[in-house]
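**Q** What follows is the residue order along each chain.
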Amino acid sequence: MSSAKWMDILGAVALGALLVLAAASHEAYTLKVVLWISLNILAAVALRFVMLTGELNIATAAFWGIGAYAAGIVTAWYEWPFALAILLGGLGALLVSVLFGYVTLRTKGPYFMLISFAFTEVVRLIYTQSDVIGGNSGMIGIYPPRWLDPFYSLLVVATTTLLVGMMLWLERGPFGKLLKAIQNNDAVVESVGLDVQKIKIMCLALASFAAGIGGALFAHANRVISPGDFSFLLAVYALAYVKIGGEAHVTGAIVGAIALTLLNQYVISFGHFEHLLFGGAIVIAMLALPNGILGLMDRLARRPAMQRSEKTSRQREAVDG
Amino acid sequence: MDLVAQIVINTLQIGSVYVLFALGLTLIFGVMKIVNFAHGEFFALAALVVASLMPILAASLGLPHWADFLIALTAATGAVIVLGTLTYWIGFERYLRDLVGSFILSVGLILFLQGVLVEVFTATPRPIEPIVPGTITILGGRITIQRLLVLGLAVAFTAILYMLLQKTKLGKALRAVAEDREAAMLQGIRYRRISFYGWLIGVVMAGLAGALIAPLTVSQPAIGGDYLIKAFIIIIIGGLGSIPGAIFGALLVAFIESLFGYFYDLTMATIVMFVLVMIFLLVRPQGLMGHVER
Chain A
1 MSSAKWMDIL GAVALGALLV LAAASHEAYT LKVVLWISLN ILAAVALRFV MLTGELNIAT
61 AAFWGIGAYA AGIVTAWYEW PFALAILLGG LGALLVSVLF GYVTLRTKGP YFMLISFAFT
121 EVVRLIYTQS DVIGGNSGMI GIYPPRWLDP FYSLLVVATT TLLVGMMLWL ERGPFGKLLK
181 AIQNNDAVVE SVGLDVQKIK IMCLALASFA AGIGGALFAH ANRVISPGDF SFLLAVYALA
241 YVKIGGEAHV TGAIVGAIAL TLLNQYVISF GHFEHLLFGG AIVIAMLALP NGILGLMDRL
301 ARRPAMQRSE KTSRQREAVD G
Chain B
322 MDLVAQIVIN TLQIGSVYVL FALGLTLIFG VMKIVNFAHG EFFALAALVV ASLMPILAAS
382 LGLPHWADFL IALTAATGAV IVLGTLTYWI GFERYLRDLV GSFILSVGLI LFLQGVLVEV
442 FTATPRPIEP IVPGTITILG GRITIQRLLV LGLAVAFTAI LYMLLQKTKL GKALRAVAED
502 REAAMLQGIR YRRISFYGWL IGVVMAGLAG ALIAPLTVSQ PAIGGDYLIK AFIIIIIGGL
562 GSIPGAIFGA LLVAFIESLF GYFYDLTMAT IVMFVLVMIF LLVRPQGLMG HVER
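Chains A and B, in that order, give the protein sequences. Under the working numbering, the residue at position 78 of the first sequence is numbered 78, and the numbers go up by one with no gaps. Under the working numbering, the residue at position 151 of the second sequence is numbered 472, and the numbers go up by one with no gaps.
Extracted from the complex, chain B is given alone in its bound form (with noise of 0.2 Å):
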């Protein structure tokens, strides 16, 4: 049925996007044990930098629109990469494993870089043009290429983020630190080296994401809030620090979102899914995937 496959290709496209910007904060959680509030700016600065640069690559080089992308995207990482190891040294190093003094620091950081962006970006919308036009159907629903091109992005994206973990050093040291720090400290991991690299993926993960969604939606500073509580619900559902769980729980979000937005809107399904992560929580406090709290 055409609904059936609309809704469920929108669930994909949405999901996808957040399913990149929910593993940076489960990571950054796991490794480092503190809710990276200024998640959203990572994600901001990232869609504002590709959002900005496209059209001056346009007008300049005379390269076709994917490839301009591809280079305003790599800008964006670059970008983020900065600001990550600069926040990071400065400040979140410090905060390691505390809950409260790194969540102000976040927001400390969140009123800072706002109104950092706002200065060098402005806060006018930035809309721009597709990077590939036109139209396909699938199966009886419809998406545009670009969305299509976004969603395949965000899929290998988070499928090398998978094999990193699961396959290299680097990836296991990152996990066993998530599991046990102390353990992983005795078989030689350094934790502080170790968790500045989770730091720099996981805000690297937003980055991403914020370039990814600059193409189909207009962006200004402000954008990464609406992410980051969708973000926490999706957190909570999935458990804190769980790969599978976040993955899990930003396609349910962007499930209700599709259904709601298509027959409702897009507050009504905000609301709902809080409703949901209620009663989801009076049954299972530990989130679907997360483990028991100590």
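Just chain A, same shape as in the assembly (with noise of 0.2 Å):
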């Protein structure tokens, strides 16, 4: 079987699986816990769709607040229908991705990255400045209908699904060989006429009304938000999922998110321990698995243990080099 046609069956297993425990279970915490891992695969996701174009888009963390707090502020002041405040979360991240887009998007590696962070934390100081939506403290009674209650986490995680089924479905597509494209050599696709910046700025947009959706959802999970929930943490963890579930395909953000979340949920036993013990996790996993635990699963399935230790680092930086 070819790598990636096992590695789609088991993301459609591991998505699969969590809507039937969605569905299935009554127990609150299993239902807390199945939340909180769609969540964070919707973001590992949406990070990873402009990761296609090679831009590491650390204010996936900042469209997903503006998602939040968009949905939040139809929900609490206006109290319009859930729905409408959902859809106009992933529409406001959209909508401010684009601008965003439109003047940093001329930049690429380093300088995006590092204009993607700072954006994101100046984001977050404007909300503690700003008093409207609860400056410091945020905003609260973010309520989600209440015959909706016993579905919630069945919802979240079928949205993930069909979110993430369409950006695969597009990463497959003539769009996916574009954002790849770019990424080998974006000279290249400019000089066939084709306007780059514009194709990741869709590419920009698509992944931020994906966040934006995941943002609102959060903030009716949480039925509070506060800006220290948007900080650029956010966007290391949905990397560090990427990134130690494999980055080549899709299941590896999937897979990583189900790892990291439960080892959060475990970790988080240790209180005070916790950042120490999480961070500690995330160094020894990128050191001992470079290609991501998918990597490892599909060395480990093709080929007999004399190789395992291929691709030191050493001869790693003669290939990069």
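Hints were generated in silico from the structure; no laboratory data involved. Each residue gets a CB set at the ideal place from its N, CA and C atoms; glycine is no exception. A few of these clues could be false.
The calculated lysine-lysine pairs, modelled on BS3-like cross-linking and capped at a C-alpha distance of 25 Å, are [what the hints assert, rightly or not]:
1. A:Lys-180 / A:Lys-198
2. B:Lys-354 / A:Lys-108
3. A:Lys-177 / A:Lys-5
4. A:Lys-180 / A:Lys-5
5. B:Lys-354 / A:Lys-180
6. A:Lys-198 / A:Lys-177
Label-pair distances were calculated between CB atoms; the ranges are [to be verified]:
7. A:Ser-231 / B:Ile-457: 39 to 47 Å
8. B:Thr-489 / A:Ile-9: 56 to 64 Å
9. A:Tyr-266 / B:Leu-324: 38 to 46 Å
10. B:Tyr-583 / A:Trp-169: 48 to 56 Å
11. A:Gly-228 / B:Leu-420: 54 to 62 Å
12. B:Pro-565 / A:Tyr-266: 46 to 54 Å
13. B:Tyr-583 / A:Gly-271: 40 to 48 Å
14. B:Val-403 / A:His-26: 49 to 57 Å
15. B:Met-589 / A:Ser-231: 13 to 21 Å
16. A:Leu-162 / B:Leu-324: 57 to 65 Å
17. B:Pro-565 / A:Val-188: 30 to 38 Å
18. A:Trp-80 / B:Arg-463: 49 to 57 Å
19. A:Phe-151 / B:Pro-376: 56 to 64 Å
With the hints as a guide, bring the two chains together.
**A** Here it is in structure tokens:
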């Protein structure tokens, strides 16, 4: 079986299992964990979608937050229907991302990474300065409709599955080929008459729409949001899910999100050691699994043990050179 | 005029520490082509070592405060060198020229080191007594002698780094590697060894900045975060890897901070800086003195 195929199946099985759990379980704790896992999957897949063009978009965290605040305002102030709040969360993030992309996507690589980092932190500073949306202490009272309560986890998993499916479909189609071509060599794409910046903005806008929906769902799950929820660490965790799961396939993001969310649930019980242990786990996983969990599984499945230590860092540098 | 003099003096004083911090970051980027997000932790480590050693030294040795400070500064530098060496050999060596991989590694390190720093030094803020008391007036602007001393030391450290990069063989090797790694290797420069030195000098610059800031502020483990975001704005303005760019960017950011900090508040100043960066990017995406990305 080719590696792409079993990864497709694994991803589908993982999402299917989450759907079944969310539908069948009545235990509050299980439902909560399933909810966090699927929100984390959504953030990771949205981040990875922009990574297809070769850019690391830390502002995923900012767009997640913009979606959360937009939906929060719609629900808490105007009491418009829930579905509209979620949709407006996504559209709000999309709109801001187009403006952000128009300015910043002229840059690439480290510059884009730093500017998206600075954007995330500055948007957070703006929240803390805006008393209308609660300043430092944030917004309260973002309730989903009462009848939805028992199905909320299921709704989140279903939405995540839908959006992940949509992004995977785009990745496999002609649009995805364009994104990968830009990652390989944007000058070549430019030379055949395509507008690279416009394609990158579209890619960013789609991913930000997904992130905005995620943020809106997050806000209604938490009921309370504050600027601290949307620091750059949100994007870092999403990136850790992608890298530790395996960057090459969308299933890597899913597997990484499941593994690290479960680990975090375990680690949280250590109180103030939480950050130390989680940070340590990320460092160790990065060092031990250069191609992520999926890369390891693929290698174990296809090759005898003797070749396991191929591609040491020295060889890697020669390749990268 | 007094106000102008005051803002110029504040700019130079704040800016001199930003210069040290940003120079370390830009040097590491130049040589290793990675962004060290954990830069603030080296800064915090040095600040905390100074802030917790100073009272102990004052109680046990009976030397003047400035002598205590120099001893604490040396100890802080030593601690940063040890941590820098460990993190390089365990982690960053494997992620040379890997922007995304090194990013996660350094953020993992932020979480880990924050945890360690809180365990070792506790999260309680640590103020320390002034190393030299008194205030003087220069051209109508007031500055405490202690801040003047910090400014002088920061300028001296910057000058030493500059001389090192311009005049010594190591400095030439560092610049050659930053310019074109393969051509430098063809000349017989050992890339791995040079990148280790570049890394070490970079984190020591962060440590020196932290040690210098300790007497001027209350040190606590999260102190590096603010500096990190400003350093990013600085190197976006100045161009990644550019030494003159980092110096110019640091002074510009410090000027905006002094000006808006004087009339409004510091959060407003950071927002204004970012808006300026966005406008700046529209005109010049590679930074002021950066090279075009290839």
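**Q** For this structure, which hints from the list above don't hold up?
**A** Violated hints: 9, 11; rest satisfied.
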